[in-house]
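Residue numbers (UniProt numbering), protein chains in the order written: chain L, 1 to 340; chain A, 1 to 340.
Simulated from the structure, these hints should not be mistaken for lab results. The C-beta atom is built at its ideal place from N, Cα and C for all residues, glycine as well. A hint or two may mislead.
[Unchecked claim] Covered, in the sense of this in silico footprint (three residues per stretch, anywhere, with C-beta under 8 angstroms from a C-beta of chain L), are these stretches of chain A:
id, stretch
1, 16–23
2, 48–54
3, 76–86
4, 90–100
5, 113–126
6, 245–252
Number of protein chains: 2
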Amino acid sequence: MATIVEVAQLARVSTSTVSHVLNGTRKVEPKTRKRVLDAIEKTGYRQDAVARAMRRSRTDSIGLVVSDAGEPAFAEMVHGVEHAATEQGLTLLLANSAEDADREARAVRTLLTRRVDGLILARCPLSTVEVEQQVASGSPPVVLLDRVYDGAPCDQVGADNRESMRRLAEHLLAAGHRDFLVVAGDTRVPTLTERLAGFRDVAPRDGDDATTVLEGTDPVQLRADLARVLARREHTCVIAASSPLAVVALECLREEGMQVPRDIAFATFDGFDHSDLFQPPITTVRQPAFDMGVAAVGMLLERLQSSRSERPSSPRTTRLQQRLELRASSEDFDFAVARD
Amino acid sequence: MATIVEVAQLARVSTSTVSHVLNGTRKVEPKTRKRVLDAIEKTGYRQDAVARAMRRSRTDSIGLVVSDAGEPAFAEMVHGVEHAATEQGLTLLLANSAEDADREARAVRTLLTRRVDGLILARCPLSTVEVEQQVASGSPPVVLLDRVYDGAPCDQVGADNRESMRRLAEHLLAAGHRDFLVVAGDTRVPTLTERLAGFRDVAPRDGDDATTVLEGTDPVQLRADLARVLARREHTCVIAASSPLAVVALECLREEGMQVPRDIAFATFDGFDHSDLFQPPITTVRQPAFDMGVAAVGMLLERLQSSRSERPSSPRTTRLQQRLELRASSEDFDFAVARD
DNA sequence: CTGTTAGCGCGTTCAT
DNA sequence: ATGAACGCGCTAACAG
Numbered sequence: 001m002a003t004i005v006e007v008a009q010l011a012r013v014s015t016s017t018v019s020h021v022l023n024g025t026r027k028v029e030p031k032t033r034k035r036v037l038d039a040i041e042k043t044g045y046r047q048d049a050v051a052r053a054m055r056r057s058r059t060d061s062i063g064l065v066v067s068d069a070g071e072p073a074f075a076e077m078v079h080g081v082e083h084a085a086t087e088q089g090l091t092l093l094l095a096n097s098a099e100d101a102d103r104e105a106r107a108v109r110t111l112l113t114r115r116v117d118g119l120i121l122a123r124c125p126l127s128t129v130e131v132e133q134q135v136a137s138g139s140p141p142v143v144l145l146d147r148v149y150d151g152a153p154c155d156q157v158g159a160d161n162r163e164s165m166r167r168l169a170e171h172l173l174a175a176g177h178r179d180f181l182v183v184a185g186d187t188r189v190p191t192l193t194e195r196l197a198g199f200r201d202v203a204p205r206d207g208d209d210a211t212t213v214l215e216g217t218d219p220v221q222l223r224a225d226l227a228r229v230l231a232r233r234e235h236t237c238v239i240a241a242s243s244p245l246a247v248v249a250l251e252c253l254r255e256e257g258m259q260v261p262r263d264i265a266f267a268t269f270d271g272f273d274h275s276d277l278f279q280p281p282i283t284t285v286r287q288p289a290f291d292m293g294v295a296a297v298g299m300l301l302e303r304l305q306s307s308r309s310e311r312p313s314s315p316r317t318t319r320l321q322q323r324l325e326l327r328a329s330s331e332d333f334d335f336a337v338a339r340d
Numbered sequence: 001m002a003t004i005v006e007v008a009q010l011a012r013v014s015t016s017t018v019s020h021v022l023n024g025t026r027k028v029e030p031k032t033r034k035r036v037l038d039a040i041e042k043t044g045y046r047q048d049a050v051a052r053a054m055r056r057s058r059t060d061s062i063g064l065v066v067s068d069a070g071e072p073a074f075a076e077m078v079h080g081v082e083h084a085a086t087e088q089g090l091t092l093l094l095a096n097s098a099e100d101a102d103r104e105a106r107a108v109r110t111l112l113t114r115r116v117d118g119l120i121l122a123r124c125p126l127s128t129v130e131v132e133q134q135v136a137s138g139s140p141p142v143v144l145l146d147r148v149y150d151g152a153p154c155d156q157v158g159a160d161n162r163e164s165m166r167r168l169a170e171h172l173l174a175a176g177h178r179d180f181l182v183v184a185g186d187t188r189v190p191t192l193t194e195r196l197a198g199f200r201d202v203a204p205r206d207g208d209d210a211t212t213v214l215e216g217t218d219p220v221q222l223r224a225d226l227a228r229v230l231a232r233r234e235h236t237c238v239i240a241a242s243s244p245l246a247v248v249a250l251e252c253l254r255e256e257g258m259q260v261p262r263d264i265a266f267a268t269f270d271g272f273d274h275s276d277l278f279q280p281p282i283t284t285v286r287q288p289a290f291d292m293g294v295a296a297v298g299m300l301l302e303r304l305q306s307s308r309s310e311r312p313s314s315p316r317t318t319r320l321q322q323r324l325e326l327r328a329s330s331e332d333f334d335f336a337v338a339r340d
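Based on the sequences and whatever the hints tell you, model everything.
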C-alpha cells in the first residue's frame with residue numbers, strides 16, 4: 001500500500017496538505033487539492049486507520065460483548081448495534097462471553113487493549129470485580145445492554161421487563177387464571193429478577209392457590225423440578241421468563257403429554273420467530289432487541305461527544321417498551337374443557 | 001494508561017527489556033524480569049494493540065462481512081467465526097452488507113483500512129468489481145463463506161447444497177411425490193443455484209407432471225406467483241430453498257387455506273429453531289452454520305501462516321455436510337387423504 | 001494558503 | 001544479558 005508520503009511526493013506538496021485534503025480540516029487551493037486527489041487516485045492510496053488511531057488517540061471503533069451469541073434476542077441486538085455503529089462511522093469489534101465471567105473479563109481486556117472508544121456490555125450474571133471497576137471508571141464509557149440494574153454507575157439500555165410482566169399477568173388474571181407455574185430461571189440475571197418482580201406485583205403469592213415459582217441456575221435441575229411440578233396437574237398456566245426457559249418448559253409439557261392450550265395455557269418472553277405460522281401460536285412479550293442495540297450505540301455516542309467537552313453527567317437509563325403479543329396458547333385455553 | 005516507558009523507568013531497565021519480557025522474545029535475567037513484572041503490576045500497564053499493530057504491521061484481527069445479519073443461519077455463522085477467532089487470539093471486526101453491493105464494498109474498504117489480517121465474506125448476489133478484485137488479489141487473504149462457487153480465486157467454505165437437495169428430492173420421490181412446487185428464490189445466489197441444480201439432477205423437469213419451479217429476486221412478485229400457482233392445487237409437495245422463502249410459502253399456504261401436511265407436504269432448507277416443539281414439525285435440510293464459521297477461520301489461519309513462509313498455494317474449497325431432518329410436514333402426508 | 005517537525009507507543013536492529 | 005535509537009504512517013502545532 002502507498003503511504004501518505006508517496007502521495008505527497010507525487011503531488012509535490014507536503015504530507016500535511018495531503019492530510020488536510022483527506023480530512024477536510026483546513027482550506028486548500030482548488031488546484032493543489034486536485035493535484036492531491038489525482039495522486040491519491042494514481043497511487044490507489046487509502047488512509048491507514050491504525051496509524052491514524054495512533055496519532056489521534058481514538059480508534060472510531062466500539063466493542064460489544066454479549067453474553068450469549070447463540071440466543072436470537074442477542075443476535076438481534078448485535079445486528080442493531082452493528083447497524084447503528086456503521087451508520088455513525090464506527091467499526092464494531094464483537095466478542096462473546098458465553099455467560100462466563102472469566103471470558104467476559106478477557107473480552108473486555110482485549111477490547112481495551114485495542115483502544116475501543118466505547119464499550120457496550122450485555123453482561124453475564126456475575127461479572128468479575130475487574131469488569132465492575134472498569135465499568136465504574138467511566139473511561140472508556142460503557143453502556144450496559146439488556147441486563148440493567150438500579151444504581152449502575154453508567155448508562156444503560158434495557159426493556160420494561162417488570163411492567164411488561166405485570167401487563168401479561170394482569171391479562172391472564174383477568175382471563176381467570178389463579179394457579180400459575182412461573183419458570184423464572186436464574187434470577188441473578190437482572191432481566192429475570194425484574195420479570196419475576198412484575199409477576200409478584202400483581203399475582204398471588206406462592207402457596208396462595210397453587211401458584212409456583214421455579215427459580216434456578218442449573219437447567220438440568222430446573223427441568224427435573226418442572227417435570228415434578230407439572231405432574232401434579234395443579235396449574236392452569238405456565239409463564240416462561242425467557243425463550244430458553246420456554247423451550248425447556250415446552251419439552252417438559254410434551255413429555256408429560258400435556259397439550260397447549262387444551263390442557264394448560266402458556267406464555268413466554270422473547271418468543272420464537274414466525275411463531276404465528278406454527279401451532280400453537282405462542283403468547284409472547286417481545287423484546288425490541290434490534291432497537292435496544294441501536295439505542296445503546298446512540299447513548300454511547302452522546303457520552304463520547306459530551307466527554308470531549310462538558311463535565312461528566314450522571315448515568316441515564318433508557319427502557320424500551322416490549323410488545324405483548326396475545327395468541328392462541330393463552331387465549332384459547334378453556335377452563336371448562338381443561339377441568340374434564 | 002501507563003506506557004512501556006513508565007514501566008521501564010519504574011523497573012530501572014530499558015523499554016526494550018520490558019518489550020522482551022512481555023513478548024518472551026529473548027532471554028532476560030530472572031531478577032530483572034521480576035522487577036519488570038512488578039512494575040507492570042504496579043502501574044497497571046497493558047500493551048497497546050494499536051501501537052503494536054503499527055510496529056509489527058499486523059493487527060491480529062480479522063474482518064467478517066455477512067450479507068444478512070438478520071437471518072438465523074448467518075447469526076450462527078457469526079457466532080462460529082467469533083468463537084474460533086477468539087480461540088486463536090484474533091479479534092473480530094463485524095460488518096453487515098444487508099444484501100447490498102455498495103454497502104458490502106464500503107464494509108470491505110473500512111476493514112482493509114483497519115488493516116485486518118484476513119477477511120471472511122458471505123457475499124451478496126452481485127459484488128462490485130472492486131470487491132471482486134480485492135478478493136482475487138489475495139492480500140489480505142479472503143475466505144468466502146456460504147456463498148461459494150466454482151473457480152473462485154480464493155479459499156471457501158460452504159455446504160453440500162446440491163447433494164443435500166438431491167437426497168431430499170430423492171426421499172420425496174421415493175415417497176411417491178411427482179408434482180413439486182419448488183420455491184427457488186434468487187438463483188443468482190450460488191447457494192440457491194446449487195440447491196435448484198440438485199433438484200434438477202433427480203426430479204422431473206418443469207412441465208413434466210405438474211412440477212413448477214419459482215425463481216425470482218423480488219419477494220412481492222414471488223408471493224404473488226406463489227399464490228397463483230397454489231390456487232391451482234396441482235402439487236403434492238412444496239420445497240423451499242431457504243428459510244425466508246419457507247416463511248413466504250407458509251404464509252401463502254395459510255392464506256390459501258391449505259394445511260401441512262394434510263393438504264400438501266412441505267420441506268425447507270435452513271429451517272426453524274425448535275421446530276419439533278411446534279406443529280407441523282417441518283422437514284429440514286439443516287446447515288452446520290456454526291461449524292462453517294469455525295472452518296472459515298481455520299482456513300484463513302492456515303492461509304495466513306503459509307503466506308508468511310511458503311509460496312501461495314492454490315485455492316481450496318471445503319464443503320460441510322448438511323443434515324436431513326425428516327419430520328411430519330413431509331412424512332405424514334397421505335396421498336389418499338389429500339386426493340379427497 | 002502551505003510546509004516543517006515532533007511525536008503517538010511500541011518492536012527491533014545494532015551496539016555494548 | 002541489556003540499552004540506545006530509529007521508524008511504522010499519520011495528525012497537529014507552529015511557522016512562514
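Verification of the hints:
1. Look at the stretch 16–23 of chain A against chain L: 0 of its residues bring a Cβ nearer than 8 angstroms to a Cβ of that chain, fewer than three, so the hint is violated.
2. A count of 6 residues in the stretch 48–54 of chain A with a Cβ less than 8 angstroms from any Cβ of chain L is obtained; the coverage claim is therefore met, three being the minimum.
3. Counting residues of the stretch 76–86 of chain A whose CB lies closer than 8 angstroms to any CB of chain L gives 6, so the stated coverage by that chain holds, three being the minimum.
4. Counting residues of the stretch 90–100 of chain A whose CB lies closer than 8 angstroms to any CB of chain L gives 6, which reaches the minimum of 3, so the coverage claim holds.
5. Taking a C-beta to C-beta cut-off of 8 angstroms, the stretch 113–126 of chain A contributes 3 residues in contact with chain L, enough for the three needed, and the coverage statement holds.
6. Three residues within the 8 angstroms Cβ limit are the bar, and the stretch 245–252 of chain A against chain L gives 3, so the coverage statement holds.
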